[in-house]
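S.K.: Sequence:
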Amino acid sequence: MNWYYAVGDQQRGPVSETQLDELVRSGKINRDTLVWHEGMAGWQPWHTARADGPSPLPGGQGGIVCAECGRVFPLGEVIKLNNSWVCAQCKPIFLQRLSEGAAPSGVSLWRQGRRLVTRSETPFPDRCVKCNAPANGFRLKRILYWAHPAYLLLLLCNILILLIVYLIVRKKAVLNIGLCEQHQTRRKTGLIVGWTGTLVGIVLLIGAAVIESGWMALTGVAVLLFSWIYGGVRASTVAITKMNKENVVWVRGVHPDFLNQLPEWPGP
Numbered sequence: 288m289n290w291y292y293a294v295g296d297q298q299r300g301p302v303s304e305t306q307l308d309e310l311v312r313s314g315k316i317n318r319d320t321l322v323w324h325e326g327m328a329g330w331q332p333w334h335t336a337r338a339d340g341p342s343p344l345p346g347g348q349g350g351i352v353c354a355e356c357g358r359v360f361p362l363g364e365v366i367k368l369n370n371s372w373v374c375a376q377c378k379p380i381f382l383q384r385l386s387e388g389a390a391p392s393g394v395s396l397w398r399q400g401r402r403l404v405t406r407s408e409t410p411f412p413d414r415c416v417k418c419n420a421p422a423n424g425f426r427l428k429r430i431l432y433w434a435h436p437a438y439l440l441l442l443l444c445n446i447l448i449l450l451i452v453y454l455i456v457r458k459k460a461v462l463n464i465g466l467c468e469q470h471q472t473r474r475k476t477g478l479i480v481g482w483t484g485t486l487v488g489i490v491l492l493i494g495a496a497v498i499e500s501g502w503m504a505l506t507g508v509a510v511l512l513f514s515w516i517y518g519g520v521r522a523s524t525v526a527i528t529k530m531n532k533e534n535v536v537w538v539r540g541v542h543p544d545f546l547n548q549l550p551e552w553p554g555p
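Numbering-wise, the sequence shown is residues 288 to 555 according to my numbering.
Please note: incorrect hints may appear among the correct ones.
Unchecked claim - Derived DSSO-like pairs: lysine-lysine, alpha-carbon spacing no greater than 30 Å straight-line:
# : residue 1 : residue 2
1 : 378       : 428
2 : 532       : 459
3 : 458       : 428
Calculated from the structure, these hints are not laboratory results.
Kindly generate the complete structure, drawing on both the sequences and the hints.
M.R.: In structure tokens, the structure reads:
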């Protein structure tokens with residue numbers, strides 16, 4: 288497929304899809320550059336026409352971000368080390384950090400297997416974490432908590448003790464994740480069904496207790512279970528699976544295409 292792109296008031300091309308993506312990576316095309324190919328109704332911004340293409344850098348910058356210093360460089364001025372792009376100046380520092388098992392200082396989003404690795408309050412790319420489609424500037428603030436699973440052994444003592452200890456030792460992370468319109472709607476539907484079903488279920492259980500109706504009680508339980516399961520699945524986004532002493536967070540529930548745009552986690 289041949290593509291054309293606009294530079295100012297001039298039309299450039301044709302270029303192949305691979306060449307178009309390379310222009311994005313090199314910074315010659317940004318997310319708002321108008322592009323077109325035969326069959327399209329009209330010219331569209333690159334991030335709309337190529338939603339499955341390489342992710343633009345945060346803020347719409349062009350070029351490649353150095354994993355160590357965080358500055359943007361043309362493709363020819365960076366090298367790839369351990370699945371991370373590094374500028375020539377930062378190469379010695381990066382290799383030293385790599386040998387020590389430490390993370391680069393300039394980048395705060397990585398991948399490790401099927402999980403995303405990040406730090407609290409890190410800016411996310413303008414992509415949906417659930418499908419990698421454009422998020423169009425939308426961010427959902429998620430406040431997540433985590434405690435080591437070993438604390439669950441306190442259930443053997445007392446659930447109240449477990450709750451008190453959890454509130455004391457839990458770690459907090461704030462993630463501002465991107466969601467596309469489809470997954471925004473999906474989440475809203477899940478929340479509405481979940482909360483509405485919970486209220487209806489509670490009312491049915493109270494009514495069953497008043498009139499001593501077993502069928503109404505069973506219906507109330509069924510409504511509660513359905514609303515919790517359906518609402519939980521539809522409204523789910525991401526969840527923490529691990530958090531270390533340096534407050535680095537491991538997150539599940541992120542789409543593979545989103546993860547593939549990130550450098551590999553260099554730490555243990």
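S.K.: A separate judgement is required for each hint: does it hold in the structure or not?
M.R.: Hint-by-hint comparison with the structure:
no. : hint      : in the structure
1   : 378 / 428 : violated, 35 Å
2   : 532 / 459 : holds, 12 Å
3   : 458 / 428 : holds, 17 Å
Of the numbered hints given earlier, the model fails hint 1 alone.
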